[in-house]
Amino acid sequence: MPIKVVLTPDEHAALDEGARANYDERTDKDGAKSYWAQLEGPDGYAYEDVKGLKSALTREREQYKAANRQLAQMRDKLGDIDVETLQSELETLRAESAASTARLGAALRASAVAAACASAKANPALIEPVVEKRTQVTNGKIVVLDEAGAPTDMTVTQLVNELREDDRYAGAFAGTGNSGGGSSGANGSKGSARSTPSAGPQRRSAMSVQAKCAYISEHGNDAFMNLPY
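If you're matching positions, the sequence shown starts at 1 in the numbering used here and goes up one per residue.
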């Protein structure tokens with residue numbers, strides 16, 4: 001006759017005393033009594049432990065099935081989407097974002113240079129290329145760099161004022177050189193000290209910022225603007 005693992009109180013009472021000793025009394029959460037056989041399962045697990053493991057395994061299997069159903073549903077929804085098209089659209093969005101960031105940086109820099117040049121009476125056409133090399137836009141803010149490229153705490157206005165004190169850029173500022181029609185030579189006559197280019201007129205677009213400033217300082221802004229672009 002097979003041994004029953006769980007007995008009711010009446011079934012337990014019907015056993016002889018020796019058999020009853022092989023059962024443990026249990027009381028569930030509702031107060032109902034039952035008697036469990038003292039059995040040991042595989043690898044030392046008690047019967048109730050094995051039963052718990054089976055329940056856990058059943059739950060895991062159900063969760064696995066549910067996950068597979070969800071995955072199948074997602075595949076059905078994404079089945080008509082072209083991955084290459086999505087990748088192309090993503091690259092386009094990234095490019096547009098980078099271009100927008102660059103435009104914002106240029107606008108911020110141009111605004112700051114214009115204000116600083118107006119305050120320092122500087123020529124923006126000559127100063128802006130220098131400021132562009134000495135600044136970068138980080139998180140929507142202009143950061144001024146030193147000549148080695150390291151960030152500083154300077155503002156664009158302070159940078160322009162610093163350039164004003166540099167003889168290399170004297171011709172870019174009103175009042176720091178002869179930015180008018182010409183310079184006075186040793187005999188006091190206007191324009192007598194001008195140098196003449198050795199091989200035809202210079203082109204403004206081919207001159208460095210320092211060369212532009214030096215030319216304006218020596219010949220004046222009017223002469224500079226009369227050079228071919």
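One or more hints might be untrue.
Unchecked claim - Heads up, simulated DSS-like pairs for lysine-lysine below, C-alpha to C-alpha not over 27 Å straight-line: (1) 33 - 65; (2) 4 - 29; (3) 4 - 33; (4) 65 - 77; (5) 121 - 133.
To be verified - Now the in silico label distances, taken between C-beta atoms and shown as ranges: (6) 62 - 102: 36 to 46 Å; (7) 8 - 76: 23 to 33 Å; (8) 115 - 84: 39 to 49 Å; (9) 68 - 100: 35 to 45 Å; (10) 61 - 84: 50 to 60 Å; (11) 74 - 115: 24 to 34 Å; (12) 9 - 61: 34 to 44 Å; (13) 106 - 208: 39 to 49 Å; (14) 84 - 59: 36 to 46 Å; (15) 132 - 66: 57 to 67 Å.
Because the hints were derived from the structure by calculation, they are not lab data.
In this text, a Cβ means the ideal position worked out from N, Cα and C, and glycines have one as well.
Quick rundown of the hints versus the structure:
no.: 1; hint: 33 - 65; in the structure: violated, 37 Å
no.: 2; hint: 4 - 29; in the structure: holds, 22 Å
no.: 3; hint: 4 - 33; in the structure: holds, 16 Å
no.: 4; hint: 65 - 77; in the structure: holds, 19 Å
no.: 5; hint: 121 - 133; in the structure: holds, 20 Å
no.: 6; hint: 62 - 102: 36 to 46 Å; in the structure: violated, 54 Å
no.: 7; hint: 8 - 76: 23 to 33 Å; in the structure: violated, 51 Å
no.: 8; hint: 115 - 84: 39 to 49 Å; in the structure: holds, 47 Å
no.: 9; hint: 68 - 100: 35 to 45 Å; in the structure: holds, 43 Å
no.: 10; hint: 61 - 84: 50 to 60 Å; in the structure: violated, 37 Å
no.: 11; hint: 74 - 115: 24 to 34 Å; in the structure: violated, 54 Å
no.: 12; hint: 9 - 61: 34 to 44 Å; in the structure: holds, 35 Å
no.: 13; hint: 106 - 208: 39 to 49 Å; in the structure: violated, 21 Å
no.: 14; hint: 84 - 59: 36 to 46 Å; in the structure: holds, 40 Å
no.: 15; hint: 132 - 66: 57 to 67 Å; in the structure: holds, 59 Å
The earlier numbered hints that this structure contradicts are 1, 6, 7, 10, 11, 13.
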